[in-house]
Amino acid sequence: MPATASRLAIFQESVIREMTRLANQHGSINLAQGFPDFEPPAALIEALERSARGSFHQYSITWGSARFRQALAAKIGRFSGLDVDPDRHLVTTCGSTEAMMVAMMTACNPGDKVVIFSPFYENYAADAILSGATPIHVSLRLPDFAIDRDELRNAFAQKPKAIVLCNPSNPCGKVFTREELLFILDLAREHDAFIITDEVYEHIVYAPHVHIPFATLPGAWQRTLTCGSLSKTYSITGWRLGYVLAPAEIIASARKVHDFLTVGAAAPLQEAAVIALEFPQSYYDELTAEYTRKRDLFLGYLRETGLPFTTPQGAYYTLVDISSLGFANDRTAAEETTKRIGVTGVPGSSFFREPVHRYIRFHFAKKDETLRRGGERLAAKLSGCTA
Numbered sequence: 001m002p003a004t005a006s007r008l009a010i011f012q013e014s015v016i017r018e019m020t021r022l023a024n025q026h027g028s029i030n031l032a033q034g035f036p037d038f039e040p041p042a043a044l045i046e047a048l049e050r051s052a053r054g055s056f057h058q059y060s061i062t063w064g065s066a067r068f069r070q071a072l073a074a075k076i077g078r079f080s081g082l083d084v085d086p087d088r089h090l091v092t093t094c095g096s097t098e099a100m101m102v103a104m105m106t107a108c109n110p111g112d113k114v115v116i117f118s119p120f121y122e123n124y125a126a127d128a129i130l131s132g133a134t135p136i137h138v139s140l141r142l143p144d145f146a147i148d149r150d151e152l153r154n155a156f157a158q159k160p161k162a163i164v165l166c167n168p169s170n171p172c173g174k175v176f177t178r179e180e181l182l183f184i185l186d187l188a189r190e191h192d193a194f195i196i197t198d199e200v201y202e203h204i205v206y207a208p209h210v211h212i213p214f215a216t217l218p219g220a221w222q223r224t225l226t227c228g229s230l231s232k233t234y235s236i237t238g239w240r241l242g243y244v245l246a247p248a249e250i251i252a253s254a255r256k257v258h259d260f261l262t263v264g265a266a267a268p269l270q271e272a273a274v275i276a277l278e279f280p281q282s283y284y285d286e287l288t289a290e291y292t293r294k295r296d297l298f299l300g301y302l303r304e305t306g307l308p309f310t311t312p313q314g315a316y317y318t319l320v321d322i323s324s325l326g327f328a329n330d331r332t333a334a335e336e337t338t339k340r341i342g343v344t345g346v347p348g349s350s351f352f353r354e355p356v357h358r359y360i361r362f363h364f365a366k367k368d369e370t371l372r373r374g375g376e377r378l379a380a381k382l383s384g385c386t387a
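Counting in my numbering, the sequence shown runs from 1 upward without gaps.
What the hints contain is simulated information worked out from the structure, not anything from laboratory work.
From a predicted model like this one, the values you see are computed outputs, not experimental measurements.
Hints are not guaranteed to be accurate.
What the hints assert, rightly or not - 16 Å max Cα-Cα, derived EDC-like pairs, lysine to aspartate or glutamate:
no.: 1; residue 1: K367; residue 2: E39
no.: 2; residue 1: K113; residue 2: E18
no.: 3; residue 1: K159; residue 2: E190
no.: 4; residue 1: K159; residue 2: E179
no.: 5; residue 1: K367; residue 2: D87
no.: 6; residue 1: K159; residue 2: D85
no.: 7; residue 1: K75; residue 2: D85
no.: 8; residue 1: K113; residue 2: D85
no.: 9; residue 1: K75; residue 2: E278
no.: 10; residue 1: K367; residue 2: E290
no.: 11; residue 1: K294; residue 2: E376
no.: 12; residue 1: K294; residue 2: E190
no.: 13; residue 1: K75; residue 2: D285
no.: 14; residue 1: K339; residue 2: D112
no.: 15; residue 1: K381; residue 2: E304
no.: 16; residue 1: K294; residue 2: E18
no.: 17; residue 1: K294; residue 2: D368
no.: 18; residue 1: K256; residue 2: D87
no.: 19; residue 1: K367; residue 2: E304
no.: 20; residue 1: K381; residue 2: E335
no.: 21; residue 1: K75; residue 2: D87
no.: 22; residue 1: K159; residue 2: D192
Work out the full structure: start from the sequences and follow the hints.
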């Protein structure tokens, strides 16, 4: 039997999805993989029903149906102030996962280097490797995940082709300040690098923090590939609708990558999603209020455990420090909390390049009932769940 590609030995399968399988196996509450257990907005479900009865069952335009791109461009413009041309600045993808892969393959040649902050969403390094690029990891410094500016300067001195920025950040919930973003932009301009941004949590940000779309910074537009998604904002992670936003010259190349990766996103889902993109401001205000309340509810239970944890500025994840419980590592701790407590998180080491083995990541995009059940289990048993 011939050997499979050697690059596949450099990274592993998704630990997040692996923990979901473990949760299902043990009937555990899944606070590992970040998807809600509540329904999307009723208007969106009704639109899906209408779409299913319509004439949207064949391929749409490869880079996204016209109606979807028009609604998406209008929505992005409403929140960012950018003048987005739906026919020149967007390509619709099968979720932000494909969007990141498209952006990476559009920006990078084999042999290029890509800067990735650590902790990071696990796909980023794999995307770089699959593109033939080499990741350069730069640590965000605990406890507040601050940028180490000297380390970042040194990384850019290696002449990377791009930097990946997740804002708000998965897994640590950091929301980058305008000053931090401008510092990154200055380095990218100095070294002529692309900025690939993952902004899927743009509408899940907790006061007083504010999300700033990177492409809106002065001089950023021409070198920024913004990856977005409808999954988190509208609670439709299974619909797999994402996009890349960039200048026309970049999108012309990105569309070629997308075409040969997946051909196109699901036509009936694009049609149905138009109604969500046209939701009024009140929807986003309510979304922020709801996730703020869920964050406070879940973190309240974590306080009862007596264990340290991070308070996210955005997104819906927290890292819980389990180092005092005596487990050999975070992997063992995550497996044992699944089996013995019935609550599943993700071993934090899957997000760190550094040898950090003291965190479990939990998410709180769940019904209040689910958060209460999971929180009560953790509060009652986690402090006593020792090796």
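Outcome of the hint check:
1. K367 / E39: Measuring from Cα to Cα gives roughly 10 Å; hence the hint holds.
2. K113 / E18: violated (28 Å)
3. K159 / E190: holds (10 Å)
4. K159 / E179: This hinted pair is violated, its Cα atoms lying about 22 Å apart.
5. K367 / D87: violated (38 Å)
6. K159 / D85: Distance ~32 Å between K159 and D85 Cα, so the pair is violated.
7. K75 / D85: With Cα atoms ~12 Å apart, K75 and D85 stay inside 16 Å; holds.
8. K113 / D85: violated (31 Å)
9. K75 / E278: Between K75 and E278 the Cα gap is close to 7 Å, so the pair holds against 16 Å.
10. K367 / E290: At roughly 10 Å apart (the allowed maximum being 16 Å), E290 and K367 satisfy the hint.
11. K294 / E376: Holds. K294 to E376 sits at ~14 Å (cutoff 16 Å).
12. K294 / E190: Violated, because 42 Å separates the two Cα atoms, which is more than 16 Å.
13. K75 / D285: Since the Cα atoms of K75 and D285 sit roughly 15 Å apart, the hinted pair holds (cutoff 16 Å).
14. K339 / D112: The given pair, whose Cα atoms are some 43 Å apart, is violated under the 16 Å limit.
15. K381 / E304: Holds: K381 and E304 sit about 10 Å apart, inside 16 Å.
16. K294 / E18: Not satisfied, since the Cα-Cα distance of roughly 25 Å exceeds 16 Å.
17. K294 / D368: holds (7 Å)
18. K256 / D87: holds (15 Å)
19. K367 / E304: Answer violated: K367 to E304 is near 20 Å, above 16 Å.
20. K381 / E335: holds (15 Å)
21. K75 / D87: holds (15 Å)
22. K159 / D192: Cα-Cα ~8 Å, so holds.
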